[in-house]
Amino acid sequence: MVSKDEREAHKSAQEIINQLSVILRTAQIHDPGNIAVITAIDKFLSLINQLADSELGISLELIGEFFYIDGIRVRYSLEYLLNFDFLIREFKKREIGKVIFKNTIRPEDMQIFLKAFIAAGFSDTPYETMSDMTSETEGIELYILMKIREGEDVDARKVIKKIYYNAVSFSKGVMNKIKAGEKVNIRKAKRIIESMVDHILEEENLLLGMTAIKDYDEYTYHHSVNVSILTIALGQRLGLNKKVLTELGMVALFHDIGKIEIPNEVLNKSTNFTDDEWNLIKKHPVWGLKAILKLKGLDYTAIRSSIVAFEHHLNYNLSGYPSVKHYKELDFYSRIVSVVDQYDAMTSSRVYSRIPLSPDKALSIVMERAGSQLDPLMVKFFINMVGVFPIGTLVMLDSKELGLVYESDLVFPDRPRVLIIIDRNGERVSGPTVSLTEKDEMGKYYRSIVKTLDPNKYKINLAEYLL
Amino acid sequence: METFGDIREAKDILQNLMKAKKTIRMYPANNPVYIKTLEEAYERFTAFFDYKDDLTLKIKQNSIYYESEQVYHNPEKEDNLALFFFKDGLRELTFKKAMSQAELEEFLKITALDFDREVVDDDIVTLLWEKDFQNIQYVVDEAFLVEVDEEDYETKAEEKLQEKVTDVNDLMKAYADGFIEEDRKELSIVPLSDKDLQMLVKELEQDSSDKTEKLSFILFELIYQSENKNDLEDAFRFLRDTIKFSLEHGELSVILNVMKKATAIIEDPLLGESEKQYMKMLSSYMGTDEIIALLAEILDGGIEIEGTVFAELVEFLDKNAIEPMVKYLGELKTIRARRSVIDALIALGKKDIQALSKGLEDHRWYVVRNIIYILRKIGDKRATEYLLKTVRHADVRVRKEVIKALGELGGREVVQTLRECLNDPEAQIRISSAKAFGSIGSEPAKKIIIDKISEKTFKERSFDEKKEFYEVLTRWKDADVFDFLMRTLNKKSFFGRSKNYENKACAIFSLGLLGNKDAMPALYKLEESGNKLLREFSHAAIKKLEHGQ
Chain A
37 MVSKDEREAH KSAQEIINQL SVILRTAQIH DPGNIAVITA IDKFLSLINQ LADSELGISL
97 ELIGEFFYID GIRVRYSLEY LLNFDFLIRE FKKREIGKVI FKNTIRPEDM QIFLKAFIAA
157 GFSDTPYETM SDMTSETEGI ELYILMKIRE GEDVDARKVI KKIYYNAVSF SKGVMNKIKA
217 GEKVNIRKAK RIIESMVDHI LEEENLLLGM TAIKDYDEYT YHHSVNVSIL TIALGQRLGL
277 NKKVLTELGM VALFHDIGKI EIPNEVLNKS TNFTDDEWNL IKKHPVWGLK AILKLKGLDY
337 TAIRSSIVAF EHHLNYNLSG YPSVKHYKEL DFYSRIVSVV DQYDAMTSSR VYSRIPLSPD
397 KALSIVMERA GSQLDPLMVK FFINMVGVFP IGTLVMLDSK ELGLVYESDL VFPDRPRVLI
457 IIDRNGERVS GPTVSLTEKD EMGKYYRSIV KTLDPNKYKI NLAEYLL
Chain B
4 METFGDIREA KDILQNLMKA KKTIRMYPAN NPVYIKTLEE AYERFTAFFD YKDDLTLKIK
64 QNSIYYESEQ VYHNPEKEDN LALFFFKDGL RELTFKKAMS QAELEEFLKI TALDFDREVV
124 DDDIVTLLWE KDFQNIQYVV DEAFLVEVDE EDYETKAEEK LQEKVTDVND LMKAYADGFI
184 EEDRKELSIV PLSDKDLQML VKELEQDSSD KTEKLSFILF ELIYQSENKN DLEDAFRFLR
244 DTIKFSLEHG ELSVILNVMK KATAIIEDPL LGESEKQYMK MLSSYMGTDE IIALLAEILD
304 GGIEIEGTVF AELVEFLDKN AIEPMVKYLG ELKTIRARRS VIDALIALGK KDIQALSKGL
364 EDHRWYVVRN IIYILRKIGD KRATEYLLKT VRHADVRVRK EVIKALGELG GREVVQTLRE
424 CLNDPEAQIR ISSAKAFGSI GSEPAKKIII DKISEKTFKE RSFDEKKEFY EVLTRWKDAD
484 VFDFLMRTLN KKSFFGRSKN YENKACAIFS LGLLGNKDAM PALYKLEESG NKLLREFSHA
544 AIKKLEHGQ
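Protein chains in written order, with this note's numbering: chain A, 37 to 503; chain B, 4 to 552.
The set of hints was computed from the structure by calculation and includes no laboratory data. For every residue, glycine included, the Cβ atom is placed at its ideal position computed from N, Cα and C. Every clue listed holds true.
On the chain B side, residues computed to face chain A include the following (Cβ under 8 angstroms):
1. Trp132
2. Asp173
3. Ile192
4. Lys217
5. Ile221
6. Phe241
In isolation and in its complexed conformation, chain A is listed as follows (with noise of 0.2 angstroms):
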């Protein structure tokens, strides 16, 4: 329960961030001495010190992809989605990890902290030189970027792929039972959701990392599963909440619930579908639907699940499957379903596809889609949460190194971490993970992708290194 108090404190918190930003954001245009800066300036500081007129002052940190202040996660709204994703870059590049601002904070204090900060995006160490320039005001302390410590890392990873695990048997277990007449457990298939909702939020490059992993025998269960991921994943980029975010990551964990009812021998076919195979797996739509209807009583997530299961292949202007008559749009969810949808299938070595495509080229695709077959508007967020070069891409670097993308980064889309598995000797190698935001003295960066290889055609095997 959030009080109203609590709200308030929580806008506030949206806003100070918000307003550092706008002040940093017009700082690069006009001289700090300029009025729209000194204007800017005023805003933050009446906000601010209302707060940091105290001892401990008010803390601003930064860890992973969120900010926190006084250690209370500030979820923003969309309205702020453009600010807050300008100001995660802006820290990142200077290594600034946490601001603590102390009893009352003068505009001269915010104009050192403005020269600073500008003069730190230029410098090899960009850290110490903001250090150095605001160590003269008092009411300002900086801290560096903390980065994730190797075994927190690999506790984070076996955590994740105990829920990544324990969703894809639910999965399973969800299929068998309703193709055996059976009950599902829905307050469970909720916990699981909203485990990976949690998760997403505090540690999405992980999870999307694990289904980056294609190479499962039961594709269906992981294909779930993985739509679901990614749909949580990118709903949160649309700015939904949690709850939302759970029914919408139900909703994607049901969508080829019909499947069921096609016979396994041609789902799991490696030739080509015949004509009535084709037609057969296009009934899948109006089988989820029937499926989801029929496991328990009407309530507002069966019912966007059971859509969402018959839009999945209507395609955005409607000329896939299955045929309508009288329709008028796809529905939200589904909208954000197919996206996903595709590009796992895709990228998948089983349905539609035989031959599965590499990441960056399952995106191009998907972009060539937008407008007809997939809504532009959720093309467009989804390609700029998975990035250039989808986790999983196999990438040639200018470093002569050969690498697989690992993370992908929230402010450099074009620019993910990459773990190299072949070292610019030629050596096979395992690690280490590199950011391709790094850069020289030079302020040249360290490498840079110059081709993307298709993992499939090579055999690579994702799990051996994402796992």
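Starting from the structure of chain A, add chain B where the hints point.
Just chain B, lined up with the frame of chain A:
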């Protein structure tokens, strides 16, 4: 090491939580008992937080521990707080010092739910998760989410994956190709703009529109595309569920649209008989007790219902809706709801007067009276035979209404019954019957009233009753009535003079209403009468005739 005081307070808090769990469930939030319980529970916590920053409780199957001390234990399954938390995987609960009373209240509301008996789709962990408490934290064991036979799913899946080790030669081939393959084509990412966000906000706003309606559209698509009877059967079943669900959520417009589409199918010459048959069944379903009960609940509840939507919906109801509607008419609590059902039955009753008339046998007098009113409003003469049976109803209010209805329906068959009612021991009934004859308005009816007034014993009736009878006569503005009234004015009596004056006063009153100015000379004369009653009535009648008031 915790102090004895801490442990005692922790025990106290748990006892209090148990108590609150029950009380919060039993009483509404504005009840003093509820408020007191909540305040007491919060006080216990604040007392604890005077010395500690948080209270962490470890949860076992039948016990709860504070640090290493057991502060709660219950080996029974019933009312077991530990088990209540434990069964959904909750293993630790922490209440922090900053917890507000509002947070505690929300927490208690969750614990007050009876997850076994109530239709709650969420377990306790989901509800805690959705609340996103700032100062109540919990630790959950997710192991129970995994099916027993799938416990080693992770290991098996990983083992399978590890079998497919990447061949070093393939890897080296990839590396070599990296130098010779074409340069990558840059995939251009267009950053999100303010315009995108605005579009998204618009999408999200639109998304809140009705999903049940959307589902119903899809279900009709299933009907249009149906390949066999099973498809139709399923679509029909789902449409039925959709109707029920919409009713439960007060979404009458969804049902209206479903029924419009169903009717369109019935009337579409291009569609098959099976489709039409199912749609007719849907129409019948709308009239079932189950649906009408829900409709009655909505009407009686606080949900605002658009009148036109309800009226349109009633048009789609079949005659089988009449019986349950009559049933629930007697159970509705609000006037507004009763009015709506009465209007619905007026519209619907025409389809089956016999079914509607069965309502006349209802044991509740007010239901019978409402049905008579409805039959009156429908005005179908087929109702007469059923109404006649109600004339002897035990409740005078019913009898009055039925006599009124019979009068409005008219016809030869009602005359005898109404005539008998003119002699009823109850004055109200006699008056109603007279009025009913007025409604019939025929020559024989006029004659019956004149004859009744002319009876010797009539003058013995109360002045008010007589006045009503005389007033009925003014329904016929003809010479017969005028002459009859004039004759009454001139009637002389030596015995019972005061009763005679009353009759005359009634005749004067009626002459005023009749509007024939030929009565003026006689009335002027009577205005000078020594009898006060005649003077006053004459004065009023003259005024009426002069000014047409």
